[in-house]
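Protein chains: 2
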Amino acid sequence: MTSSNNYCVIMAGGIGSRFWPYSRKNKPKQFLDFFGAGQTLLQLTFDRYKKIVPQENIFVITNIAYENLVKEQLSELDESQILLEPTRRNTAPCIAWASQHIQQLNPDANIIVAPADHLILKEEEFIEAIQKGLEFVAHSPQLLTLGIKPSRPETGYGYIQITDEKQGDFYKVKTFVEKPQLEFAKIFVESEEFYWNSGIFLWNVHTILDAFGNIMPEIASKLTAGEEGFTSSPNISIDYGIMEKAENVYVQICNFGWADLGTWGSLHEALPKDQQKNVIIKGNTLLYECKNNIIAVPKGKLAVLQGLEDYLVADTDNVLLICRKDDESTIRRYVNDVQIKLGDEFV
Amino acid sequence: MTSSNNYCVIMAGGIGSRFWPYSRKNKPKQFLDFFGAGQTLLQLTFDRYKKIVPQENIFVITNIAYENLVKEQLSELDESQILLEPTRRNTAPCIAWASQHIQQLNPDANIIVAPADHLILKEEEFIEAIQKGLEFVAHSPQLLTLGIKPSRPETGYGYIQITDEKQGDFYKVKTFVEKPQLEFAKIFVESEEFYWNSGIFLWNVHTILDAFGNIMPEIASKLTAGEEGFTSSPNISIDYGIMEKAENVYVQICNFGWADLGTWGSLHEALPKDQQKNVIIKGNTLLYECKNNIIAVPKGKLAVLQGLEDYLVADTDNVLLICRKDDESTIRRYVNDVQIKLGDEFV
Chain D
5 MTSSNNYCVI MAGGIGSRFW PYSRKNKPKQ FLDFFGAGQT LLQLTFDRYK
55 KIVPQENIFV ITNIAYENLV KEQLSELDES QILLEPTRRN TAPCIAWASQ
105 HIQQLNPDAN IIVAPADHLI LKEEEFIEAI QKGLEFVAHS PQLLTLGIKP
155 SRPETGYGYI QITDEKQGDF YKVKTFVEKP QLEFAKIFVE SEEFYWNSGI
205 FLWNVHTILD AFGNIMPEIA SKLTAGEEGF TSSPNISIDY GIMEKAENVY
255 VQICNFGWAD LGTWGSLHEA LPKDQQKNVI IKGNTLLYEC KNNIIAVPKG
305 KLAVLQGLED YLVADTDNVL LICRKDDEST IRRYVNDVQI KLGDEFV
Chain B
5 MTSSNNYCVI MAGGIGSRFW PYSRKNKPKQ FLDFFGAGQT LLQLTFDRYK
55 KIVPQENIFV ITNIAYENLV KEQLSELDES QILLEPTRRN TAPCIAWASQ
105 HIQQLNPDAN IIVAPADHLI LKEEEFIEAI QKGLEFVAHS PQLLTLGIKP
155 SRPETGYGYI QITDEKQGDF YKVKTFVEKP QLEFAKIFVE SEEFYWNSGI
205 FLWNVHTILD AFGNIMPEIA SKLTAGEEGF TSSPNISIDY GIMEKAENVY
255 VQICNFGWAD LGTWGSLHEA LPKDQQKNVI IKGNTLLYEC KNNIIAVPKG
305 KLAVLQGLED YLVADTDNVL LICRKDDEST IRRYVNDVQI KLGDEFV
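Going down the list, the sequences are from chains D and B. Residues 5 to 351 in the numbering used here are what the first sequence spells out, letter by letter. Residues 5 to 351 in the numbering used here are what the second sequence spells out, letter by letter.
It is possible that some hints are incorrect.
Which copy is meant is left open, because identical chains are indistinguishable; a pair holds if it fits in one copy or across any two.
Lysine to any residue pairs mimicking SDA-like chemistry, simulated, CA-CA at most 25 Å apart [to be verified]: (1) 345 with 292; (2) 277 with 239; (3) 305 with 321; (4) 178 with 142; (5) 31 with 171.
Keep in mind the hints are simulated off the structure, nothing from the lab.
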């Protein structure tokens, strides 16, 4: 295996509405410099994979609405490395299309498929894990997913249950579990049989296209027609469409400080906290009797907060959102209400 | 009495720190269009008194730091109608100076002294009351203060206790009471002997200058030296320096929808509320499970709030303040902390 057989597909087409109001329809979270660190999540993700695969082997697949954002933020990409989805069709059609595209370039390709909005805190461990995974899928016709050792009974993530069956350090998957209720999540963590489903996948291009051909032939056939077939593909996730149904799915157990920045709550879990467990993103703050909050205010702004516990305070541009941190699943409802009552200006 | 004997002194020199972050050191609340109605509190106050006294008889007394703000906001004022205090010395020196100034212009002047930041909801009743009061002080050498029939046991206002002794509809004052504790405030309201001290005063210029001469000769003598004496005057309020000590103080009982916009809480009491008792000042809001809050966001901004009860949310410019409404007396502490820790930029 030479590294020129290794490819990466960064999925950057999501709307990120659960991160509203920071994430906006015309600029979702992957295009934001979320931590005020000078790089957007997409740029951080790209730089991370550049250390693992040749730059010209990295593809970004996104909605056509975000074409300019991708070009601006990753100016080093050739136009041919940007795949533009004409419509939103979730991850299965997206991955099928990218896989066919890469197969035409290199029929021996090993592919990493990764979302653009994950937080990776330990990069060295991450790179090592990915390289080990690439090695595995280059020589074994398995679908590999990265499983994260759970540090808490998180109800916002999906879980993977492993079997005893191993190939080297890679465990065969027994089953995938959708976001569980707390009592189950607690049992999962204690069992040591369950791992967080990171949503980062590795496979050889043959293996994934075989899986599509066997399990979702309707997608495989549509995409041979090229971009035109995309719109008529079913709206379905790779997890539901392929991973939960395939027989050859393996897990690599990892520990590289991973968080899916899917929600504000996940950000609170992932980031350093003050003594009262408040997480502060950008901005200046003075806190009095405040506990366990997540606070995001724009750079240059000061937030003086008193008497808040378990709240999200997100102030940006023309929107201020304050809600109970536990109720953040209702953010989508707020966004929907805002859209209906006030129009596009605020979503 | 002709109306040309009637004068008005608008006091517009306060810092308004209890209204931070809307009120800023370089632009206190009287200079703000607080309700997004197109006029600042000072402009509203000026327009109100223009209906009662000749425009050229209205004086604005303010700190020298706010000279330009007054000139900008009241461009119809002649420069001679703006009295600039070289330092902050509370209301007694301010009123003594303005009184001497007006006496030189018209020794028969009847003067209304009024803060620039009061909310008057029923203007017709207000004008009628002031005219009646002016008539009284033109013919009777009394210090007249407007007392407001209390609608609730407010602990943020001072109270005036009346005697049975009357001149027409004007009651002689028994005593002034500083901001009371709740249990006393309740008794006051029930007694029907106590009225809110509005801080709006009426008197003939002779009467007030006699009072200064008798009760605070040190101020009277200093101010004959003109502006130079101002700085060496004691820092003392008219209430404490004169009203509580004079023997000839009368109250006119009024009911014109008055509120001292001294604090956010007073604003909450004064303004119309939604069904959940939330008061919204400017901006767009979507509220979920929110009760009894006061919410101020800039025009054009949207606040989506969930699960807040009894809070103040004040978002403006480069500061966001969220605190329990009952704890707003600590706003001064926050402002102080901000000044020390972050400097002038935010105060």
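The hints, checked one at a time:
Taking CA atoms no more than 25 Å apart as the test, residue 345 paired with residue 292 passes between copies only; the shortest distance there is 14 Å, against 34 Å inside one copy. For a Cα distance limit of 25 Å, the shortest separation of residue 277 from residue 239 qualifies neither inside one copy, at 38 Å, nor across copies, at 46 Å. Taking the closest pair of Cα atoms, residue 305 and residue 321 come within 25 Å of each other both inside a single copy (11 Å) and across two copies (8 Å). Proximity of residue 178 and residue 142 under a CA criterion of 25 Å is satisfied intra-copy only: 22 Å inside one chain copy versus 95 Å between copies.
In the homo-oligomer, the alpha carbons of residue 31 and residue 171 never lie at most 25 Å apart, since the shortest distance is 42 Å inside one protomer and 71 Å across protomers.
The structure does not agree with the numbered hints 2, 5 stated previously, though it agrees with the rest.
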